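Visitor: This is what each chain is made of:
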Amino acid sequence: MPEIAIRTQKLTRRFGNLTAVDGIDLQVAAGQFFGFLGPNGAGKSTTIKMLTGLLAPTAGSMDLLGLDFAAHPVEVKRQIGVVPEGMGLLERLTGSEYLQFVGRMYGLDRTTTQRRANELLDFMQLADRPKTLIADYSHGMQKKLALAAAVIHGPRILFLDEPFEGVDALAAGALKALLGRMTERGTTIFLTSHVLEIVERLCSHVAIIHKGRLVAQGSLDELRAGISGEAGSKTTLEQVFLSIVGQDGTERPRLEELSWLM
Amino acid sequence: MADVVPSPIGILTQVRAVAGLRWRILRNGLRKEANRLDLLGLILVGVFSGLFVLGLCVVFFAGAYAVLSEGRFGWFGLLFWGIFLFWQLFPIFAAGFGPSFEFRSMLRFPLNLTAFYVIGLAYGLADFSAVASVCWLTSMTLGVAAARPAVLPAMLSVVALFLLLNVTLERLLGSWLERLLSRRRTRELFFALFILAMVSLNLIEPTMRHYGGLLRPLAQRVVPYFAWFPPSLAGRAIAAAAEAHFGWLALGSAGLLLYAAVFSVLLWRRFASQYRGEELSETAAPAPAAARALRQAEDSSDRLSALSPQVAAVVRKEFRYLTRNSFSFFTLIMPPVMVLIFGTMFAGKHPTSEHSVSPELLFPGIMAYLVLILMGPAYNCFAFEGRGIQTYFMAPLRFRDVFLGKNLMLLAVLGVETVLSLVMLAWLLGLPSLPVFLATMAAIVFAVIGQLSIANWSSVTFPRKLEFGQMRGQRQSGMAVLMAFAAQFVFGGVSAVVLFSGRWTGNRWLPAEAFSVLAVAAVGGYFASLDALSRVAEEKKEGLIEALCR
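These protein sequences, in sequence, are chains A and B.
Residue numbering for the first sequence follows the numbering used here, starting at 39 and increasing by one per position.
Residue numbering for the second sequence follows the numbering used here, starting at 12 and increasing by one per position.
Just so you know, these hints were derived from the structure itself, not from any lab.
One thing to keep in mind: the hints can contain errors.
Here are the in silico distance ranges between beta carbons for each label pair [to be verified]:
no., chain 1, residue 1, chain 2, residue 2, range
1, B, A73, A, G124, 54 to 62 Å
2, A, R153, B, F511, 56 to 64 Å
3, B, W34, A, G79, 27 to 35 Å
4, B, G31, A, A94, 34 to 42 Å
5, B, W520, A, T96, 51 to 59 Å
6, A, L208, B, F63, 33 to 41 Å
Remember, predicted model here, so these are calculated numbers, not experimental data.
Glycine residues also receive a C-beta, built at the ideal position from the N, C-alpha and C atoms.
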């Protein structure tokens with residue numbers, strides 16, 4: 039039985055009358071590269087915010103690495119890294135200053151923080167502009183810095199909200215290699231992305247959330263088999279996704295209505 | 012292909028659309044529950060501002076009426092000078108209270124340069140200083156109409172020109188200032204010059220005392236040149252109209268028109284730069300210098316090693332933010348400058364009473380001023396975090412560490428400024444007696460530490476994002492301002508009563524003893540509140556993140 043890195047039970051979040059996340063039961067094994075998918079407004083970011091302590095659940099529980107988040111928030115946070123929606127950078131620091139700030143916030147000593155910050159800046163190809171403020175970084179550079187900050191303390195679980203958005207192909211390749219190495223060494227990666235090809239290439243397991251409810255969860259092969267009815271199917275993740283999310287009778291946009299544009 | 016091609020629309024339509032947008036932003040902002048409290052603060056500020064404007068409306072009406080009916084036409088220029096100075100200087104000193112809207116974001120729409128210019132100018136008319144000035148000009152016009160109806164047409168044309176040149180000049184000065192302060196080097200130079208100018212003000216009085224006789228003829232030669240400035244021209248034009256000297260009326264009006272044209276050309280050039288996509292942010296410095304800085308940081312010992320890593324990290328971050336934020340830096344520099352000015356003013360004879368002001372009174376008064384000014388930003392201390400606020404909630408720490416780091420930085424600043432002011436006052440006035448000195452020091456501890464708990468609570472309860480380093484388009488949280496006002500009123504009142512209790516009872520040491528007890532209680536209360544405030548921050552984190560991540 040593999041160690042469970044993330045387990046939620048009946049995790050729920052309501053905003054007034056709207057139930058953004060409706061009693062989901064997630065289970066992610068340690069060392070998995072886990073893709074969390076869903077259409078816009080499905081509840082992905084709300085779930086990630088709850089799992090990383092940025093949002094309190096209305097009901098339900100979350101265990102990360104065997105620790106109840108509500109009872110041990112500081113211990114849990116010490117072992118997770120996050121690239122949140124909007125990246126959460128302090129834009130008036132330089133990249134180096136920000137990494138040092140984050141390292142110290144996670145309790146690393148100053149020498150280790152400095153060394154790791156320099157190594158990460160080198161790896162992310164951000165070292166050549168050490169005096170540039172983050173506010174003056176390009177979107178892709180900010181994304182790389184946010185990822186560097188999320189891993190500086192060597193987290194056991196990494197939460198990534200759209201990590202490759204705005205990152206050039208060269209840097210994306212390096213990041214994917216880094217994330218691959220991290221999972222090989224036992225880090226659990228929880229990733230959301232709208233680019234299904236990326237999820238298909240990187241993730242071994244996937245969960246799909248739709249209108250706040252978990253509608254599918256399992257390995258990619260299990261999901262493909264669930265749709266095509268046979269193991270080893272060549273069904274793509276996009277087909278799986280559209281098949282599951284499109285089953286609820288939601289009216290799809292009709293192109294004919296935009297005749298004035300064509 | 013699209014069946015309908017968008018046709019060019021008029022500037023007025025676009026101005027209307029932008030006005031509607033601003034109104035909707037304001038209205039939708041107030042629809043949120045938390046912002047209704049903000050509305051309360053806004054209403055109170057609005058009432059006070061309204062009273063101020065209305066009061067001066069009466070003054071300008073009566074002034075214009077009296078000047079015309081009593082035939083003292085030369086005084087008319089003074090009324091215009093008052094409005095001119097207010098219109099141009101107030102926005103610089105009160106830039107933080109404007110509505111939050113990035114005017115340049117309009118550039119994404121298909122505006123031509125003319126439309127961009129007109130919208131920019133229309134924005135200038137929405138500033139408080141402009142609205143107030145227009146009210147006063149209207150009052151003056153009514154005063155003129157009541158006193159001499161025949162002068163009304165001339166008054167209307169002069170006021171129209173005066174209004175145009177003022178709104179143009181105000182936008183021009185604001186735009187230049189913003190550009191000037193956007194670069195570190197010029198910002199530093201600007202502040203150096205500003206401080207120099209402030210300090211130089213102190214030299215006016217002694218210089219006049221020693222060289223007044225020599226300077227008077229010089230001043231008499233210079234003053235006539237002021238007659239060619241816009242307010243004097245406007246005043247002279249109205250005076251000429253009242254005396255039926257239409258040549259002078261035409262000359263004054265032509266002068267105003269010329270000023271308006273020159274300012275318009277300059278403003279057009281500034282807006283054209285913005286229209287073409289001018290970038291105002293800092294530029295990157297060459298890499299080698301930075302590499303050296305990095306190595307230095309690596310080698311240097313940790314001066315904050317006595318603090319926990321988290322608290323030290325927050326203190327360092329606060330220091331960097333402070334030194335990079337021109338607006339905060341400005342509020343930081345002002346108090347010692349003002350202490351220097353007050354100190355110099357009162358070092359000799361009091362201007363009204365002919366007696367020296369005793370350090371026994373002035374010293375506590377100036378220290379109270381210092382606390383008043385420096386504590387203000389603490390009531391919305393997360394204003395500049397932006398999306399970075401999430402870092403605090405993602406990191407494995409108790410929020411008390413964040414409060415501690417921020418409060419320590421504030422205390423360090425306050426400590427440095429207190430010592431600086433102390434040295435200046437000791438040099439200029441001499442120190443007060445030991446009981447008053449000790450009582451003041453203990454009072455500072457009591458008032459500052461006592462306020463910190465309230466300020467921390469206010470910061471997580473009434474947060475409002477402020478754009479870093481910007482002077483224009485920033486508005487503080489209304490409730491945070493009210494909280495600061497109420498807390499400072501209470502602490503100031505208690506401190507004043509305790510200070511004067513020494514005089515009333517005849518026991519000179521009583522205030523020092525009482526403040527020592529209060530200071531100890533404040534420190535104890537502060538540490539006792541930290542954990543409770545951490546829980547409050549956890550409860551309110553969603554609102555805090557939402558307010559700052561916009």
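Visitor: If any of the earlier hints don't hold here, list their numbers in rising order.
Guide: When the structure is compared with the hints, only number 6 turns out to be violated.
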